[in-house]
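Protein chains: 4
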Amino acid sequence: MRIHIFVTGGTFDKEYDEIKGQLYFNETHLPEILNLGRCTVDIDLDTLMMLDSLNMSDADRSKIAAQCGACSSDKIIITHGTDTMVETASLLAGAGIPKTILLTGAMVPYKFGSSDGLFNMGCAMAFAQTLPHGVYITMNGKYFHWNKVKKNKQTGYFEEI
Amino acid sequence: MRIHIFVTGGTFDKEYDEIKGQLYFNETHLPEILNLGRCTVDIDLDTLMMLDSLNMSDADRSKIAAQCGACSSDKIIITHGTDTMVETASLLAGAGIPKTILLTGAMVPYKFGSSDGLFNMGCAMAFAQTLPHGVYITMNGKYFHWNKVKKNKQTGYFEEI
Amino acid sequence: MRIHIFVTGGTFDKEYDEIKGQLYFNETHLPEILNLGRCTVDIDLDTLMMLDSLNMSDADRSKIAAQCGACSSDKIIITHGTDTMVETASLLAGAGIPKTILLTGAMVPYKFGSSDGLFNMGCAMAFAQTLPHGVYITMNGKYFHWNKVKKNKQTGYFEEI
Amino acid sequence: MRIHIFVTGGTFDKEYDEIKGQLYFNETHLPEILNLGRCTVDIDLDTLMMLDSLNMSDADRSKIAAQCGACSSDKIIITHGTDTMVETASLLAGAGIPKTILLTGAMVPYKFGSSDGLFNMGCAMAFAQTLPHGVYITMNGKYFHWNKVKKNKQTGYFEEI
Numbered sequence: 106m107r108i109h110i111f112v113t114g115g116t117f118d119k120e121y122d123e124i125k126g127q128l129y130f131n132e133t134h135l136p137e138i139l140n141l142g143r144c145t146v147d148i149d150l151d152t153l154m155m156l157d158s159l160n161m162s163d164a165d166r167s168k169i170a171a172q173c174g175a176c177s178s179d180k181i182i183i184t185h186g187t188d189t190m191v192e193t194a195s196l197l198a199g200a201g202i203p204k205t206i207l208l209t210g211a212m213v214p215y216k217f218g219s220s221d222g223l224f225n226m227g228c229a230m231a232f233a234q235t236l237p238h239g240v241y242i243t244m245n246g247k248y249f250h251w252n253k254v255k256k257n258k259q260t261g262y263f264e265e266i
Numbered sequence: 106m107r108i109h110i111f112v113t114g115g116t117f118d119k120e121y122d123e124i125k126g127q128l129y130f131n132e133t134h135l136p137e138i139l140n141l142g143r144c145t146v147d148i149d150l151d152t153l154m155m156l157d158s159l160n161m162s163d164a165d166r167s168k169i170a171a172q173c174g175a176c177s178s179d180k181i182i183i184t185h186g187t188d189t190m191v192e193t194a195s196l197l198a199g200a201g202i203p204k205t206i207l208l209t210g211a212m213v214p215y216k217f218g219s220s221d222g223l224f225n226m227g228c229a230m231a232f233a234q235t236l237p238h239g240v241y242i243t244m245n246g247k248y249f250h251w252n253k254v255k256k257n258k259q260t261g262y263f264e265e266i
Numbered sequence: 106m107r108i109h110i111f112v113t114g115g116t117f118d119k120e121y122d123e124i125k126g127q128l129y130f131n132e133t134h135l136p137e138i139l140n141l142g143r144c145t146v147d148i149d150l151d152t153l154m155m156l157d158s159l160n161m162s163d164a165d166r167s168k169i170a171a172q173c174g175a176c177s178s179d180k181i182i183i184t185h186g187t188d189t190m191v192e193t194a195s196l197l198a199g200a201g202i203p204k205t206i207l208l209t210g211a212m213v214p215y216k217f218g219s220s221d222g223l224f225n226m227g228c229a230m231a232f233a234q235t236l237p238h239g240v241y242i243t244m245n246g247k248y249f250h251w252n253k254v255k256k257n258k259q260t261g262y263f264e265e266i
Numbered sequence: 106m107r108i109h110i111f112v113t114g115g116t117f118d119k120e121y122d123e124i125k126g127q128l129y130f131n132e133t134h135l136p137e138i139l140n141l142g143r144c145t146v147d148i149d150l151d152t153l154m155m156l157d158s159l160n161m162s163d164a165d166r167s168k169i170a171a172q173c174g175a176c177s178s179d180k181i182i183i184t185h186g187t188d189t190m191v192e193t194a195s196l197l198a199g200a201g202i203p204k205t206i207l208l209t210g211a212m213v214p215y216k217f218g219s220s221d222g223l224f225n226m227g228c229a230m231a232f233a234q235t236l237p238h239g240v241y242i243t244m245n246g247k248y249f250h251w252n253k254v255k256k257n258k259q260t261g262y263f264e265e266i
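Residue numbers (my numbering), protein chains in the order written: chain W, 106 to 266; chain U, 106 to 266; chain H, 106 to 266; chain V, 106 to 266.
Calculated directly from the structure, the hints in this document are not laboratory data.
For identical chains, the list gives no copy identity; a pair is met inside one copy or between any two copies.
Straight-line Cα separation of at most 30 Å, DSSO-like style, residue types lysine-lysine; simulated pairs:
{"no.": "1", "residue 1": "K256", "residue 2": "K168"}
{"no.": "2", "residue 1": "K125", "residue 2": "K253"}
{"no.": "3", "residue 1": "K216", "residue 2": "K168"}
{"no.": "4", "residue 1": "K204", "residue 2": "K168"}
{"no.": "5", "residue 1": "K125", "residue 2": "K255"}
Produce the complete structure using the sequences and hints provided.
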């Protein structure tokens with residue numbers, strides 16, 4: 106049993122640039138996160154892009170779908186910005202990939218010490234091992250089918266629709 | 106869908122007593138952990154005891170089993186010290202409770218800033234929602250059937266047997 | 106012996122708005138910082154403004170100077186954004202206030218878990234008790250006379266000139 | 106201007122052994138602390154011992170005094186357990202070393218994420234640069250002459266006597 110993790114960026118991986126006083130992307134923190142979680146699951150990890158999901162294009166989403174289809178594992182976790190996570194989930198569902206695909210992210214950067222990222226990654230790791238094939242979002246301790254979820258932009262919580 | 110969390114102590118909830126220079130138990134950090142994870146799952150939370158699991162008696166384990174049987178939810182998470190987690194899982198399995206019961210814990214106290222606790226709680230939250238009835242341990246990103254796992258005392262990792 | 110702390114904002118007190126994905130000011134973290142440092146020095150604390158120092162006006166600086174002159178203590182710490190800390194120090198020196206005035210700040214927000222803020226506040230607390238009257242900046246473990254320092258914008262370190 | 110830091114152990118540098126579930130000493134965290142504080146002061150750093158100060162012997166204290174006398178800098182910081190910090194300060198004062206010597210420590214280990222250590226190190230760094238020759242303890246944002254201080258064992262705060 107192996108899980109393939111594709112990193113696409115999102116708040117999860119944002120850092121603070123102390124010179125410019127801005128948030129930015131450097132390297133992914135996934136290896137550090139898995140290490141902190143003392144995770145012993147066999148993992149393949151690929152960084153596909155490092156994007157704020159508001160800047161993700163159709164070409165980017167197609168690339169994610171192609172990688173999900175091509176990888177050898179049928180259990181996939183995608184780290185993704187929360188703003189357009191539902192759009193990417195929808196495109197992935199349309200691609201009809203016969204695998205269990207979980208999208209997750211964070212509302213607070215992992216490096217800020219008070220992030221939901223570690224909890225969300227735990228949820229994604231577990232759901233990827235147990236849910237049947239399909240495309241899901243996991244946030245806030247729950248999983249949602251790709252076509253039954255929206256992000257509440259006022260509260261930052263994901264809700265069933 | 107509700108999940109019942111029973112707190113029994115363990116490294117998870119240990120704190121540092123700055124006057125005595127020792128680790129001790131105060132209140133559980135579960136509410137803080139669920140809040141950090143931005144968890145919106147409906148939760149019932151009960152602290153049954155605050156024990157280092159090396160000090161857990163048969164009477165303590167019987168109390169845990171009775172509470173698991175009596176609560177209204179059929180999805181249960183028990184936070185527990187790692188040293189005797191397998192013994193408690195075994196007793197719970199013997200009790201034949203028709204529910205999904207996950208035991209989890211941490212190798213590093215949640216308050217120490219570098220704990221596996223938040224990740225493990227994410228895993229437990231997800232596995233509790235998706236695994237069939239039975240008694241399981243979740244540590245290191247994996248789940249283990251109660252009778253197919255041991256803690257490797259040299260490495261601190263849980264291993265399938 | 107009392108020390109008066111005036112809060113003016115700066116990176117020190119910036120937080121992450123998880124809904125908007127931006128840095129912003131809420132309440133000052135100074136009470137939390139002093140508590141973490143287990144500080145028992147008698148402190149008066151006033152928040153004068155909560156500004157990115159790039160947005161600080163002459164009127165703001167005049168207000169700071171007036172408050173420094175008016176307060177009853179002759180030992181003052183001002184938390185301030187680093188970008189224009191030298192300008193404010195210069196204006197304060199021009200005001201000829203017969204007190205020991207230390208300006209300090211942080212390159213990383215206190216809430217991000219990897220901030221220099223706690224160290225800088227320790228330095229400011231100590232220098233305020235020991236330096237003769239004058240206007241100083243303390244950053245990077247050093248103190249600088251107001252007219253002998255610049256911020257190196259490439260490295261983010263303060264340097265003697 | 107150089108400051109010589111001598112590490113002797115204490116709560117400051119204690120870590121959590123996740124296998125044994127106990128606190129222990131590994132390497133000092135001083136380089137990490139100075140880096141976090143973005144400290145640019147010229148520092149010489151020597152680890153003399155890694156001891157809980159309750160276990161410090163007269164021979165250990167004599168070694169510290171000898172090193173303080175022998176080093177080339179006249180500004181010295183000693184990190185030390187709080188329980189017998191006053192005893193060591195007294196012995197150092199008796200040695201009549203013509204230097205500014207600051208002893209400091211922490212009530213909570215640096216690695217536990219809620220430590221007073223970074224603040225105390227900031228204070229020590231500043232006091233070492235500004236106080237006249239003598240032996241001092243700095244804790245809780247204050248400095249104390251070696252013979253005018255005691256640790257209140259009930260509260261964990263240092264008090265003037």
